[in-house]
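Novice: Chains as they are written, first to last, in the numbering used here: chain A, 6 to 319; chain B, 42 to 513; chain C, 743 to 859.
Derived from the structure by calculation, the hints contain no laboratory data.
It is possible that some hints are incorrect.
Stated by the list, open to error - List time: in silico DSS-like cross-link candidates among lysine-lysine, alpha-carbon distance up to 27 Å:
1. B:Lys390 / B:Lys191
2. C:Lys842 / B:Lys390
3. B:Lys390 / B:Lys188
4. B:Lys509 / C:Lys842
5. B:Lys139 / B:Lys188
6. B:Lys390 / B:Lys139
7. C:Lys842 / B:Lys191
8. B:Lys139 / B:Lys191
9. C:Lys842 / B:Lys139
Stated by the list, open to error - Calculated from the model, a selection of chain B residues having no Cβ within reach of chain A, i.e. all distances over 12 Å:
10. Val74
11. Trp99
12. Ser161
13. Ser237
14. Gly388
15. Gly389
What the hints assert, rightly or not - Pulled a few chain B residues facing chain C out of the computed Cβ check, cut under 10 Å:
16. Leu209
17. Leu221
18. Ile223
19. Val225
20. Ala227
Ideal Cβ placement from N, Cα and C applies to all residues, glycine included.
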Amino acid sequence: MSLLLFDTILCLLLLALALASILSRQLAHAVILYIAFGLMMALAWARLAAPDLALAEAAIGAGLTGALCFSALAHQQIQLKPDVLSWPQRLWPAVFVLLMLGGVLAALLQLPPTASQLIAVTQAGLGNSGVSHPVTAVLLNFRSWDTLLELVVLLLALLGARQVAPEVKPATSWSLSLSWSRLLAPMVILLAGYLLWAGASQPGGAFQAGALLAAGAVVLRLNQQLSWLSWSNFWIRLLTVSGVLVFVLTALTAILLTPGNTDVVWLRWPPQLAAGIILLVELFATIAIALTLTVLVAGEPASTGAELGCGEGV
Amino acid sequence: MMVVLLVLPLLSALFMLLWPRIAPLLALLTASVCSLVALQLLLLVSQQGSQQVLLAGWPSGLAISLEANSLSSLLILLTALLQLLVGLYAFATHRRDKLGAGFWPLSGMLQLGLTALWLSRDLFNLYVCLELLGIVAVALVSLSGDKAIKPALNYLLLSLFGSLCYLLGVAILYGAYGVLDITVLASQWQADLLSSTALLLMTLGLMLKAALWPLHGWLPAAHAAAPAPVSALLSALVVKGPLFILCLLWLQLAGATQVAAVAPWFAGCGLAALLLGGVSALRTPFAKNMVAYSTVAQLGYAMLALGLLLRFNQPLFAAALWLFVLAHALAKATCFLAVGEITATLGGKRISTLKGASQTMPLAMFAFAVAGGSLIGLPPSGGFLAKWALLQGLWLQGGQLFWLLVIVLATLLSAAYVFRAVVLAFNRADPVAPDFAPRILPQWLALLPALAVWAMALYSEPLLQLLKQEGL
Amino acid sequence: MTDLSPQLLLYIVTAGGLFGIGLYGFIVGPQTLRRILALNIIGAGIFMLMVVLAYRGLADDASLPSTDPVLHALILTGLVVAVSATAFALALLARLNQAKAAQCSQDQLRHKQGPGQ
Numbered sequence: 006m007s008l009l010l011f012d013t014i015l016c017l018l019l020l021a022l023a024l025a026s027i028l029s030r031q032l033a034h035a036v037i038l039y040i041a042f043g044l045m046m047a048l049a050w051a052r053l054a055a056p057d058l059a060l061a062e063a064a065i066g067a068g069l070t071g072a073l074c075f076s077a078l079a080h081q082q083i084q085l086k087p088d089v090l091s092w093p094q095r096l097w098p099a100v101f102v103l104l105m106l107g108g109v110l111a112a113l114l115q116l117p118p119t120a121s122q123l124i125a126v127t128q129a130g131l132g133n134s135g136v137s138h139p140v141t142a143v144l145l146n147f148r149s150w151d152t153l154l155e156l157v158v159l160l161l162a163l164l165g166a167r168q169v170a171p172e173v174k175p176a177t178s179w180s181l182s183l184s185w186s187r188l189l190a191p192m193v194i195l196l197a198g199y200l201l202w203a204g205a206s207q208p209g210g211a212f213q214a215g216a217l218l219a220a221g222a223v224v225l226r227l228n229q230q231l232s233w234l235s236w237s238n239f240w241i242r243l244l245t246v247s248g249v250l251v252f253v254l255t256a257l258t259a260i261l262l263t264p265g266n267t268d269v270v271w272l273r274w275p276p277q278l279a280a281g282i283i284l285l286v287e288l289f290a291t292i293a294i295a296l297t298l299t300v301l302v303a304g305e306p307a308s309t310g311a312e313l314g315c316g317e318g319v
Numbered sequence: 042m043m044v045v046l047l048v049l050p051l052l053s054a055l056f057m058l059l060w061p062r063i064a065p066l067l068a069l070l071t072a073s074v075c076s077l078v079a080l081q082l083l084l085l086v087s088q089q090g091s092q093q094v095l096l097a098g099w100p101s102g103l104a105i106s107l108e109a110n111s112l113s114s115l116l117i118l119l120t121a122l123l124q125l126l127v128g129l130y131a132f133a134t135h136r137r138d139k140l141g142a143g144f145w146p147l148s149g150m151l152q153l154g155l156t157a158l159w160l161s162r163d164l165f166n167l168y169v170c171l172e173l174l175g176i177v178a179v180a181l182v183s184l185s186g187d188k189a190i191k192p193a194l195n196y197l198l199l200s201l202f203g204s205l206c207y208l209l210g211v212a213i214l215y216g217a218y219g220v221l222d223i224t225v226l227a228s229q230w231q232a233d234l235l236s237s238t239a240l241l242l243m244t245l246g247l248m249l250k251a252a253l254w255p256l257h258g259w260l261p262a263a264h265a266a267a268p269a270p271v272s273a274l275l276s277a278l279v280v281k282g283p284l285f286i287l288c289l290l291w292l293q294l295a296g297a298t299q300v301a302a303v304a305p306w307f308a309g310c311g312l313a314a315l316l317l318g319g320v321s322a323l324r325t326p327f328a329k330n331m332v333a334y335s336t337v338a339q340l341g342y343a344m345l346a347l348g349l350l351l352r353f354n355q356p357l358f359a360a361a362l363w364l365f366v367l368a369h370a371l372a373k374a375t376c377f378l379a380v381g382e383i384t385a386t387l388g389g390k391r392i393s394t395l396k397g398a399s400q401t402m403p404l405a406m407f408a409f410a411v412a413g414g415s416l417i418g419l420p421p422s423g424g425f426l427a428k429w430a431l432l433q434g435l436w437l438q439g440g441q442l443f444w445l446l447v448i449v450l451a452t453l454l455s456a457a458y459v460f461r462a463v464v465l466a467f468n469r470a471d472p473v474a475p476d477f478a479p480r481i482l483p484q485w486l487a488l489l490p491a492l493a494v495w496a497m498a499l500y501s502e503p504l505l506q507l508l509k510q511e512g513l
Numbered sequence: 743m744t745d746l747s748p749q750l751l752l753y754i755v756t757a758g759g760l761f762g763i764g765l766y767g768f769i770v771g772p773q774t775l776r777r778i779l780a781l782n783i784i785g786a787g788i789f790m791l792m793v794v795l796a797y798r799g800l801a802d803d804a805s806l807p808s809t810d811p812v813l814h815a816l817i818l819t820g821l822v823v824a825v826s827a828t829a830f831a832l833a834l835l836a837r838l839n840q841a842k843a844a845q846c847s848q849d850q851l852r853h854k855q856g857p858g859q
């Protein structure tokens with residue numbers, strides 16, 4: 006009973022935060038409310054027996070998206086008067102949304118209470134997958150094509166964002182945060198390594214580890230460290246694409262390694278090598294994810310912007 | 042073979058990122074090799090029937106399944122060939138048009154995304170492909186710099202919203218049936234409220250992404266703002282991706298009652314797109330916007346054919362649908378390249394820039410007129426083949442006078458906007474002077490797909506056979 | 743009408759509600775940043791629905807009670823894709839704002855010089 010009470014409060018809080026984020030007058034408030042919403046969401050997912058997702062949501066939904074939105078806010082022009090919408094402008098969308106919501110909810114209530122029979126199939130395949138954590142097995146073995154394409158999407162987001170990025174203003178760093186960040190960095194790397202390793206048997210994995218590493222790198226970056234971390238550096242480029250590159254090359258090698266390759270099956274890992282392959286792929290995916298996220302959040306070092314003659318901006 | 046078609050563009054795109062200098066060379070090489078492999082795949086499929094692969098060697102349901110049937114392989118071939126052609130055009134003009142170095146890896150990723158989409162038969166994998174395609178497309182549009190940022194952002198937001206609607210549909214279907222593989226799902230399908238809601242949500246998202254009327258608002262601005270080679274790729278290929286998934290859903294999954302309920306709506310949307318898109322194309326003062334609105338109108342034919350196919354279940358409509366897609370892809374590639382070449386050389390964005398273009402740039406104008414002929418549906422072009430299949434299908438059903446009238450009206454409209462440009466081009470009294478000497482090679486490249494679309498008539502019988510039996 | 747347990751029902755309705763709230767925010771806007779946030783809320787709603795659907799496996803009385811790993815993997819993939827898209831959208835927005843700001847300052851400059859000429 007008390008659990009149901011907890012659930013009710015959590016759900017109401019989620020809805021209230023989302024609504025407040027949408028309706029708040031000031032954009033800054035909206036972003037803060039959204040971050041709070043993301044954290045509550047992570048809590049809800051932890052409650053629903055999805056700790057690895059909760060970890061990812063806290064890192065991405067709340068942390069990363071929040072950080073990105075704040076940096077967007079900094080670029081945003083200050084509006085003297087907030088846009089006020091008239092009643093019809095609010096009413097008609099609301100009516101439309103309520104109708105659509107009614108339809109969707111009516112359908113959702115028909116969902117069967119039994120889970121997919123795929124669970125049993127996954128459990129059966131787990132033995133040959135090379136890892137014991139089923140989510141990692143799905144991500145990097147059963148449905149690895151999705152994961153490969155997902156890494157491509159992440160890379161593309163970086164390419165797109167780099168292509169349109171305005172130059173960043175150099176900010177002066179704060180000496181205390183500088184010394185702290187130096188202390189923090191080795192710990193972050195250790196923790197990320199643990200998460201990556203744990204992913205094979207417990208909640209954790211490439212993305213969570215990558216996000217953590219990126220968080221560390223962004224902190225250092227905001228304190229004017231890591232100036233070599235830029236797209237024009239060939240090795241950085243190589244490491245950033247290495248997530249996808251190693252994935253593809255490993256898959257090609259796996260085809261060559263398969264004995265008697267009469268029928269070539271893309272992305273099939275030989276069972277005895279699967280554990281090693283998955284760890285290798287995950288390791289490079291983690292590095293690539295960390296670098297991509299760092300460049301996405303912190304942008305290029307300010308010096309390249311100045312060299313191009315873009316100057317300090319407005 | 043499918044693996045080669047997927048891996049080659051991806052690997053070459055990665056190498057282009059590492060060594061930007063050799064990017065154009067690599068892109069052209071990849072596109073030509075892919076074209077050859079795609080041709081081989083098409084031949085293989087037409088001889089041995091469709092090829093199915095379960096990725097990673099796991100049992101069906103757990104693994105992602107890919108399927109190359111004749112339609113998929115035809116579309117893959119089309120993608121590779123257009124990539125090659127557009128790549129050549131971009132290479133010929135990239136100095137003049139200041140096309141960023143970012144174009145090459147992005148176009149490689151575009152090829153990967155499209156090929157993956159044509160092959161995939163897994164609902165969630167299709168979602169990832171859709172997102173991949175959407176982000177590549179927006180990144181390509183934003184290559185144009187400042188003027189393209191606003192349309193690009195708008196395109197991205199709507200495209201994301203479309204994908205999320207699709208994803209919600211996938212989540213509901215997975216919740217109900219516990220499978221993602223389309224063929225497995227089709228065998229368990231029940232036409233109830235749950236599946237109808239999921240289908241409608243997915244349709245909404247896909248229609249938004251494919252710019253089908255009435256959700257086409259983002260397309261003209263985005264396609265007009267992009268650089269010419271990019272507009273050609275977007276109009277010819279990218280909008281067809283979501284359309285393909287839409288057909289997959291309604292032809293393979295949906296139950297008979299669901300199909301019967303939605304068919305008139307599809308046909309109606311197609312009709313509205315034909316008429317309103319045509320009128321907009323006729324009224325816009327800008328040359329590229331005219332071509333972009335024409336895409337909206339021409340997608341109406343595909344929608345109309347899909348609606349009629351669902352209603353009457355006549356294989357001729359399936360042939361018409363995919364013939365429209367093929368003919369439009371080729372014709373629109375020519376239109377965008379030719380108009381891009383003309384506006385770049387004559388220096389102006391308005392249709393009035395075309396004045397006297399038949400004298401100053403006869404080859405490009407000829408290409409535009411030839412492609413326009415296919416858009417109108419003049420015999421014996423590919424557009425005519427498609428329209429003929431549609432009319433034949435309607436004739437066999439009998440008593441469909443209303444639809445016949447609509448098609449005639451739409452044809453007149455498309456003739457009007459094509460002739461508006463052509464007539465202006467033949468007004469030689471006071472031609473717009475070119476900013477620099479017109480270049481021959483890009484104009485020839487623009488002409489090639491237009492010639493191909495007329496050459497479709499030579500292969501009309503095998504094409505019709507292929508597409509009729511396949512449907513999807 | 744429904745066979746779901748009250749807890750599942752509660753979370754499913756919340757997920758649907760989040761979709762609705764996000765949809766409203768996306769349509770009404772008006773600022774682009776808020777529409778991006780709204781898209782993320784829609785996404786969060788959908789992912790939450792998937793988490794709940796995966797949770798059904800635990801409530802089941804099957805022989806091997808566990809959450810659905812396939813759905814969990816799909817959500818992880820979806821999260822990464824969503825955050826990539828958001829990052830790209832925000833980069834576009836930043837560029838748009840910069841262009842606008844440059845335009846504004848130019849206009850102001852012209853305005854100041856105007857009377858002098």
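Novice: It remains to establish, for every hint, whether it holds in the given structure.
Specialist: Taking the hints in turn, this is what the structure says about them:
1. Proximity of B:Lys390 to B:Lys191 is assessed by CA-CA distance (about 18 Å); at most 27 Å being required, the pair is judged to hold.
2. Simply put, C:Lys842 and B:Lys390 have alpha-carbon atoms about 23 Å apart, close enough for the 27 Å limit, and the pair holds.
3. A C-alpha spacing of about 13 Å is found between B:Lys390 and B:Lys188, which places the hinted pair at or below 27 Å, so the restraint holds.
4. For a cut-off of 27 Å, the pair hint linking B:Lys509 to C:Lys842 is broken: about 52 Å separates their Cα positions.
5. For the given pair, B:Lys139 sits about 14 Å from B:Lys188 by alpha-carbon distance, which is consistent with the 27 Å threshold.
6. Of the supplied pair hints, the one linking B:Lys390 and B:Lys139 holds, its CA atoms being roughly 17 Å apart against a limit of 27 Å.
7. Restraint check: the Cα-Cα separation between C:Lys842 and B:Lys191 comes to about 11 Å, which is no more than 27 Å; the hinted pair holds.
8. For the hint pairing B:Lys139 with B:Lys191, the CA-to-CA distance comes to about 20 Å; that is within 27 Å, so the pair holds.
9. A hinted pair counts as satisfied when its Cα atoms are at most 27 Å apart, and C:Lys842 with B:Lys139 qualifies at roughly 23 Å.
10. The claim that B:Val74 lies off the interface holds: its Cβ sits roughly 16 Å from the closest Cβ of chain A, which is beyond the 12 Å cut-off.
11. Taking the minimum C-beta to C-beta distance to chain A, about 5 Å, the non-interface status of B:Trp99 is violated against the 12 Å cut.
12. The beta carbon of B:Ser161 sits about 9 Å from the closest Cβ of chain A, which is not more than 12 Å, so the claim that it is off the interface is violated.
13. A cut-off of 12 Å between C-beta atoms contradicts the statement that B:Ser237 is not in contact with chain A; the least separation is 8 Å.
14. With 12 Å as the threshold on Cβ separation, the claim that B:Gly388 sits away from chain A holds: the shortest Cβ distance comes to roughly 26 Å.
15. Under the 12 Å C-beta cut-off, the non-interface status given to B:Gly389 relative to chain A holds; the minimum distance is some 26 Å.
16. This hint holds: B:Leu209 has a C-beta 5 Å from the nearest C-beta of chain C, less than the 10 Å allowed.
17. Restraint check, B:Leu221 versus chain C: the minimum CB separation of about 8 Å is within 10 Å; hint holds.
18. Below 10 Å, beta-carbon pairs count as interface contacts, and B:Ile223 has none with chain C, the closest being about 16 Å; its hint is therefore violated.
19. Given the 10 Å rule on beta carbons, the hint for B:Val225 is violated: about 13 Å separates it from the nearest Cβ of chain C.
20. For B:Ala227, the suggested interface contact is broken, since its CB lies about 19 Å from the closest CB of chain C, more than 10 Å.
Hints 4, 11, 12, 13, 18, 19 and 20, counting from the list given before, are not met by this structure.
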